Amino acid sequence: MNSRFLMIASAAVLAAVGIALSFAPVETLAYFGKPAPGGVPVLLQLTGALYLGFAFMNWMAKGSVLGGIYGRAIVMGNFLQFTMGALTLLKAASGSSQGAFIWTAAVGYALFALLFGVLLFSDPTAKREHSTP
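Numbering (the numbering used here), first residue to last: 13 to 145.
Bear in mind the hints are in silico, worked out from the structure with no lab data behind them.
Be aware that one or more of the hints could be misleading.
What the hints assert, rightly or not - Label-pair restraints from in silico Cβ distances:
| hint | residue 1 | residue 2 | range |
| --- | --- | --- | --- |
| 1 | Asn-14 | Arg-84 | 14 to 20 Å |
| 2 | Ile-81 | Lys-46 | 38 to 44 Å |
| 3 | Leu-123 | Thr-59 | 19 to 25 Å |
Computed from a predicted model, the values in this text were never measured in an experiment.
No residue lacks a Cβ here, since even glycine has one placed at the ideal position from N, Cα and C.
The whole structure should be built from the sequences, with the hints applied where relevant.
Structure follows, in structure tokens:
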């Protein structure tokens with residue numbers, strides 16, 4: 013698996029969501045037709061900061077050897093974040109008529125969770141051993 017592409021793609025998605033939540037939490041809620049009571053915008057900004065942190069971490073790790081025991085903390089953090097996010101979104105999507113957006117987000121999260129799971133349990137040195145003459 014090409015971990016570089018996965019890290020770049022996840023960094024881009026997480027950065028886009030992180031920027032929206034960090035700098036426009038009220039506008040993001042309004043886009044989805046939700047009110048912004050009390051501390052909800054602050055919680056969204058904190059969530060956006062977490063997304064940006066993951067985005068920067070993934071961007072900086074894109075050139076590292078990842079998989080198996082290599083970069084395990086980075087891969088495990090992403091795997092857990094995307095797995096729990098996918099489960100949360102799938103539960104929310106199946107429990108009500110949220111529309112196509114939440115299903116799209118759930119599928120995207122599940123895809124990233126699957127790819128990080130494959131990366132977590134793959135051996136990045138296997139290709140190198142076989143490709144050496």
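Going through the hints against the structure:
In this structure the hint that Asn-14 and Arg-84 lie 14 to 20 Å apart at CB holds, the actual value being about 18 Å. Our hint of 38 to 44 Å for Ile-81 and Lys-46 holds, since their Cβ atoms are close to 43 Å apart. Take Leu-123 and Thr-59: their Cβ atoms lie about 20 Å apart, and the range 19 to 25 Å holds.
The structure shown violates none of the earlier numbered hints.
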